[in-house]
Each structure stands twice: as C-alpha cells, then as structure tokens.
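**Student:** Starting from the known structure of chain C, fit chain V onto it as the hints suggest.
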Amino acid sequence: MKHTDDSFVPLASLTAGTAEKQTEATRRRFLEVMGASIAMTAMAGCTRQPTEFILPYVTPPEGAIPGRPSYYATASVVNGYAQGIVVESHLGRPTKVEGNPQHPASMGATAVHGQSCVLDLYDPDRAKQVTENDESRDWESFQLALTQALPALRTSGGAGLSILTETVTSPSVGAQLKAVTAAYPNAHWYQFDPAGPHTARDAARIAFGRIVNTYYRLDRADVVLSLDSDFLTTGAGSTRYAHDFASRRQVRGSHVDMNRLYVVESEMTPTGGKADHRLALRYADIEAFARQLSKAVASGGKSVETGPRAWWISALAQDLLAHRGACAIIPGDHQSPTVHVLAHAMNAALGNAGSTVIYTDPIEAAPGDQLTSLRELVAEMSAGHVQMLLILGGNPVYSAPADLSFHTALSKVPNSIHLSLHANETSALTRWIIPQKHFLEDWGDARSFDGTVTILQPLLQPLYNGRSSLEMLDAFLFPVPRPPYDIVRAYWTANSKAADFEGWWRSALQSGLVVGSALPPLTLAAPRAIPDSTTDGPPSHLDLLFRPDPYILDGRYANNAWLQELPKPLTKLTWDNAVHLSPKTAQRLGLENEHLVELTSRGQSVRGPVWISDGQADDTVIVHLGYGRRNAGKVGNNAGFNVYPLRSSDALWATGGAQVRAIGGKYRLATTQTDYRMEGRELAICEPVATYVQDPDFVKKRLEIPERTETLYPPWKYPGYSWGMSIDLTACVDCMACVIACQAENNIPVVGKEEQLVNREMHWLRVDVYNHGSAEAPEMRYQPVPCMHCEDAPCEYVCPVAATTHSSDGLNEMTYNRCIGTRYCSNNCPYKVRRFNFLLYNDWITDQLKMQRNPDVTVRSRGVMEKCTYCVQRIREAEIRSIDENRSIRDGEILTACQQVCPTRAIVFGDLNQPANRVARLKAEKLDYPLLAELNTRPHTTYLAELRNPNPALKERTD
Amino acid sequence: MWAVAPALEPVRESYRSGKSIQWTRVYDLPQFVYFDHSVHIHQGIGCNSCHGRIDKMALTYQAVPLTMEWCLDCHRDPAKNVRPRDKVFDIAYQQPPNQAALGARLVKEYGIRSLTNCSTCHR
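Protein chains in written order, with the numbering used here: chain C, 1 to 959; chain V, 1001 to 1123.
Mixed in with the good hints there might be a few duds.
Stated by the list, open to error - Below, computed lysine to aspartate or glutamate pairings styled on EDC-like, alpha-carbon distance capped at 20 angstroms:
# : chain 1 : residue 1 : chain 2 : residue 2
1 : V       : 1087      : C       : 52
2 : V       : 1019      : C       : 52
3 : V       : 1108      : C       : 885
4 : C       : 128       : C       : 138
5 : C       : 700       : C       : 679
6 : C       : 302       : C       : 532
In short, the hints are calculated from the structure, not lab data.
Okay, chain C solo, but in the shape it has when bound (with noise of 0.2 angstroms):
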C-alpha cells in the first residue's frame, strides 16, 4: 500500500528493540556454514558446557546475598504525581516493581506506568551525554559556561532567566525554584503538563476562590457517579479509587451489599464498561446533563426537566439523594470547568464533602494556571525577553498547543538547556542537552494524589552520568552543587518537624512514606453557583475530543515498548493510536475500521486509521496524544500519528466543528482481540445481585459439569500443596497492570507490530473484553485468562517429549530445555494461553535491557513454547524458605505477579488444600465456576461470576 503522507512508514521498519530476527536465507546460510564444523565438533567427543567463573566481592555490599533480592521503597513518579512502590533488586540492579502494602496511594498494588518503570530506566535510547549545539561536553563544561553567565545574570537580578518545569509535586525542588527565583528576582518559573489537571484547578477557583486538591473515598460510598471520569484506570488516584470501589462491591456468601456506578461519558472507558447504568452523551450534552441533573437534586428528585432523559435524571437523583453524605459525584479531568463547579456544589449539596468527597490543599509546590504561564512564556521568548531558558524534563516542542507555536519562540532564546531523560523533539531545538536521572536512580520526594509525602532513594548509581532537577536548580544557588542526596536532607532536616530526624529519615525510607504527611481535609464554603447558561446553539457538527493515550499519557512513555506492546483497555490495539468513531457515526460516514481518514479542526488536518469503538457516544471524533513522535527512540518513532497540531490551547480537551473524510486505502492496525461475542457460550458470567439473591446456585446451574470420572485418566493427588487461584469477575477493571506485571516479573519478550499483526502475541495473561449488549449499549466483562493449570490438561499428553508435566503441588509445569516446538500443546489448549517463540523475540544483545531481567527465570529463545507458570520460581523460592525455617507456606505468603499488582484484589492465590485459606474459600462461594466446564479439564484456576446492582427504578440501561 502507498502511501503518499509519510507520517506513515512501513511495517517492515516497526520493531521491538534490536532484536535479531531470522529470515529463511540467513538460516539456510547459517547451516551451510556450520555444517561442516558440526561435523568435526561431533567427533571430538561430547562436549562440556562453557566455562563459567565465580567472582567472590572483595569488599562486599552490606546485607547482599547473591541469589537473594533486596527491596527498598520509594515511589514512581508519572506526570510529577507519586505513588508508593517497593523495588526488587538483584545484585544492584533493580528488577521488578510491587506496590506498597502501606502506602495510601497504592495499597499494595501498581498501575501500569509502575511496572513499566523499570523499562525506562534501561532504555538504550535514553540520552547518555551532555552535548552543546550537537557535540559532545561534560557535566564540567557545563558547569563552567553556567559559571561563566552567572555574573551577568545576578547583576541583573536574573532578568532574561525562565525556568519551564512540569506539575512539580517535590517539596524540595519547589524549594530549590523557590530559592532561585528569590536569589534572582527577575527570573520566572513557568510550568506546563499537557495533560494535567488543568481544568479542576480553573473549575475550583471559580467554585471557591481557590485552587484545591479533591480526592475521593470511595469505600465510603454507596452510590458514584462518574461525569466522564475514567477514575478506575485513569489519574493519579486511579490505584486507590480502583481498590476502594472494588471493595464495595464483593459478594461474598450471604453479603450482598454492593454499591453502584453511573458512569456518563463520551469515550467508552475502562471505568463505563464497569457500570451499573451508563449514557453515552456527546462532550456538551454531560454539561447540560450536569445541570438537569443539579436542577434534580436541589428539587428533591424530581426532574424539572423533560426529553428523552428526564426518567434517568429523576431516578439517579433520587438514589443520591438516598444516600446523602455515601455518595460521590466525580469530574473527569477533560470535561468543562461547568461540569466540575456542578459537581462541586452536588457533593456539597449532597453532603458528600468531608465524608467521600475530601478538599485539601493543593499537592503542588507552586498551583496555578500552567495554560496561562506557558502562554507568558512564549511571550517572552517571542519578545526576545528570554536569554536562557532552563527546561526541566518534559517537551514543550512536541506537546505544547499548536497555536502558541513553541518551536518558533525557542528559536529566539540563544541559551536553551534542556534536562532530560531522552533527547527528544524539544532537545533538537535547544542548545544544551542533559542526561536526567531517571527517577530509580535519583534522590528526591514526591506528593501523591492525597499529598502523602515519600522520599525517593535511588536502586542503582545512575547509568549515565545524568543530573537532576535538584542538582540543575543547585548550579544556580552554589558555585558547586550540592549532592541531591545532601539537598533533599537539607530540605527535611529543616521541614520534617521531627525531634529525632535520623530516625525519622530511615523511618521515611524504610517505609517509602512519611507517615502523617497526606495533607490535612478542608472544610471549605458553599461552592459559588454557575450562572444558568444562555441555551446552546446546536451542536456543530463533529465532536472532537483528545485523550491522553492510556499508557503512552501525552507521549513521554513513546518509547517504552512495554506499553506501545500492551492492548490498550477495550480497544485491545497495539503500537498505534486511531480515529475513534461510534458505530453510527462511522456508517453514516460510510467508514469501516482501519479506512484511512483525514481530520480537519480548525483548519489543520492530520492522517490516521479508523477504528469504531462500541459505546462511544455519536458524533464525536476521539483520539490519543503522545503519538507520531520523530525523536521519541527507536522503539516509538513513527509509530502512530501525531495530533497535537490539531490542539489549540483554548481547546484543549474539546473542540466542535471537526470533519473527517476517507482519503482511500488503509492502515493495518494490530488488535489482540477482534471478536466481542461470546457466541452463546457460558464465558464471563455477569447477573444482577438480584439472581444470586432470588437463586444463590444459579451459576452452576448454567453449566454442564461432567463428572469427575468422566475422563481416561486417574486423578491426581496432592499430598502438600496444590497450587490453586481464583478470578473475581466483579473485581476486575480492565487495567491491565496484571499483563504488564507479568511481563516484567517473567521476561517476556515485546514482539513487535508485526509480528502482533499475525497474532503473535507473548503477553502470558490476556484480558478478554466481551460485549454482552449491543453496539450502542454495550455490556462490557472483562476477563483476565492465564493459564488454567487443568488437572487433566489436553496440552501434557500430547507433547511428544514430555516437556510439559503436571507437578505433584498442583501446576502444569513447563520445562524449556526439553521442548522442541512441534507446537501441538497450543493446538490442543482449549483456552489458548501458550505462546511460541516463533522467533528469537528476546534482546539477547543489548545490555541494559538484560540488566532488566529476572535471574530466577529462564530467558527463552526461540523454537520454545511458554506459558503462565503461576509464577512457579516465586513458588519454589517461598517452599525453599519454609523448609530452611521448619515451617510451612502461610496464606499471602506467595503472591503472583499478577496478584501483587491488581489494584482491586482481584487475582488470589495460594494453597487449596487448607480449606481456611483465602483462595480455598474463594472457591467454596457460589459464584465459583470454571471456563469452559464442559470440557473437563478441571482448571485450578476458576473464576467468581460478576455480579452488577442496577437501579429497580432504571429497567434499561440507557435510553
């Protein structure tokens, strides 16, 4: 296929790393060669295994024990927000990324920009040199043109010195800015994120004068409604929210007490599919929905309104108003300042603040309008007022809003530098360029979502020689900056209000929070009202909304091939953004999924690929930042197309009056999953709580169990353990930090987009979207499936060498060594969870990446089948320590990758053979079924059916 607007490139050049891929003639080549030599090696007997040596520490580091991990905590910072995670690490190199059991951000679990951390950190691509103008420096040299401009500018009082930063959350490099622009009064901090907050913090200055930080409890609620917030998956909350909410909502026994979600919204998200109610409403029509529905509630129920809708507004009233000071009512980030000043006054009206709707004190170091001081900024620099420029992290160059002309206002300043992890689209512009410590690597402290402070420690020296904010900001204040580890002490020695601060710090460390440092709750006044609006005109023809891509965010992760390889939540796609449309709308514009299509928003036009997403509301044109990148790293150039020439700073989220029209041909895209439909089989089981009420036993009812005699084999017995794990359905948000937590724990190779264009797909555990409802009203499940370790496996007795085995605790092993690829194990697998290495899909040459890797798992090369082994080396290493204490394995003891990652719990694991264990009770329920049960296989791992609590009072799901 040709294609004549080279933002597209062909497939052949989108890859994963370097990995070396074997092409037919290379390997005809390669045994031609070698034939020979084989057949003298033959005759010189057998041979050896290479020669290993072992290098004992001369000095060795305290407490490491080779073959032992250590863990510390700290926190993983996305977009200046932290959240709480401890750290494995093998010999110095940090490996894999858990949650923080203590940490309220976290609650034990992770999001997926935690585990995809790690990948950041060894990213070959990351920029490893100072360089000036293109060439090659040093830090020193640096410091000594800084030393050298310095004089001039204190003179000066710092006039023609800006400072560009993101959303900074780190009490101690607010402090270092805050320094600075008092050491140099005529100096400016201007931050900028494009893809934060920005309208909660307008939207709490209009309702309180303010800007506030709102967070949510949401174990406290009984009723949530949700105006176009992804909470579930998106924000910096997400983890907490998605951990709370779920706990809400279990069934257990005779407990059927379960909360209830509406969820209204353009975009059909992770956190929609999870609805008890859920309305599909274009951008302006939430707004107006917002005020019929704040009309409701002040009148006690009743709708004022009529039209289609009046009966859903009523009866969602009336069931917040039920529960009064138990409900909550949350914005999403991307809607209208409107929408959040209503929902502001509902929560307060409702009396929801104090109770599940909590205001505290901003989590920044300096809040403010960031769209009003980017705009201050390209003033200047446009003026010619800027004369050096520090950019810390970021790149403005790329997704700054198109109209503001960045790139431009850059050339004017003769001395840019720019920190950053990567030299990006902003750093080709800029004439410094310095490597940034990677947040693993680094000393700091961040905030997260309720204000909890944590101080970051480093995992490993830093890999290249990079600074860090502190360090940069410190060249400013000192003639030799300080250590960062010496500034952030410096920071807390004077702040930490501890009489005993050693033991506070290790304490802070050890822990990876400071304890009672989450901001304190507000009472604040009424929010202000909004004026009625004058009625809107109508809608003009396309919607068109902007998102921050789910993993890529506004395009810092392009180029971590963890996330570019992930299926996006619903959509399931891969190492691409699309053209969102609904299926309506894309029949009405007669395009079909992959259909090539040029969008126009005010006058700029872009080129992407049509992809129809059930759900989505009509009219409305959606798509994903962070893509289209040039500079982003070999792994993200090119992949995508970029749509930030399409925002503009007034729009930054919406605007109306878009067109699309087909340009002819297509662009592959590359899905996971492209089949909804569950076909009339019995897979993701999901009832009103109101079935399991009227029938407890309705779920086995459903399915045809054979007995358990019904097969040609003996049972197997299990004298210790039996290996065994349960999946709460209900639970389950689509997050899909359990795929990526696999791959970092296993290492699972990234195959690339061609390779996934022909289904050859590595992730072990995938998470099946099914839609039980209709295109425009969908019900969405979602179902997380490793593998089900049968009993009686239909993949162990057809391998022809014995390479897959059932253990005696339970597990269906998988021995690589012993398997020679006939690959009839994954054509027997009922449930299609074993992936071959079709080709050599492991780096086997780069060396950061295989400072990544996990030594207690084998790295496969090609020709092998792999599969789930329900973290088997995590198994063996527990049993091995139970033994060494004479004891036994308790319950929690083991956690697999998945597990330890869920946000909401989902995922439990243990023995089955104790019937008081979690994951032997957890079978004991009702729910409990099996996948496929007709086929028995006897899985031990087994799933709780989903349970939903609609409305009564709402019959249809939407109208």
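**Tutor:** Same frame as chain C, but now just chain V:
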C-alpha cells in the same frame, strides 16, 4: 606463617587491588537448572555426598557426574543419602550400616519429600 605464604599471594593481591579472584567453577550445573544450596544442607545432605572428599583434593576435581540422572537418583530415594543435620559439615562422615533405617527415620523427621517434579529445578 600462612599470612606470607607464596601460595596465598593471589588472595593478598586481590585484597590490595580490589579485584576479585577469578575462580573457575568445577561443580557447575547448566544455566537452565535452578539449584538451591541452602535447602540441601538444611535437609541433611552432607558436603561430601555431592562434592566428594574435597578436603583431600590438592586440586579440586569433579568427583560426581552431576548429570540429571545422578541428581534424580537421590531425589527419588533421599533416605539412602540423608544424614543427621549435625553431621552435614563432617567431611569424613561415612554412612552407618543401618542407613536404610536411619534414612527412613530422618526423612520422616525432616519432612523430606521425593521431589521429582520438573519445575523443582527447571523454571
């Protein structure tokens, strides 16, 4: 006397320079075998059961085949090789004539299982 012995010069040099001594592994299993030493010692397998009479070797040699079959031979019947825990580091230990009975008793006492699962060693 030993502190200045010429034979120990590599050790002193290593300490001075901070460079590790490069020992060549003799008892070396392939990389697809995940072997844990601590659990063997804990469960009553003595040093010389696998390493031979190391104390009598002027130059270390591999005294046992270390093939999978050899390992399985013990794994299938640990009773014929297990010794009391306090004798694990006794390099000159020899099995008593009643090893079968002693072994059976120790296997029960220490809770030793006959682990012949593939995933015990191959992950």
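**Student:** Decide, hint by hint, whether the structure agrees.
**Tutor:** Now for the hints, and whether the structure bears them out:
no.: 1; hint: 1087/V / 52/C; verdict: 30 angstroms, violated
no.: 2; hint: 1019/V / 52/C; verdict: 17 angstroms, holds
no.: 3; hint: 1108/V / 885/C; verdict: 17 angstroms, holds
no.: 4; hint: 128/C / 138/C; verdict: 10 angstroms, holds
no.: 5; hint: 700/C / 679/C; verdict: 19 angstroms, holds
no.: 6; hint: 302/C / 532/C; verdict: 19 angstroms, holds
Hint 1 from the earlier list is the only one contradicted by this structure; the remaining hints agree with it.
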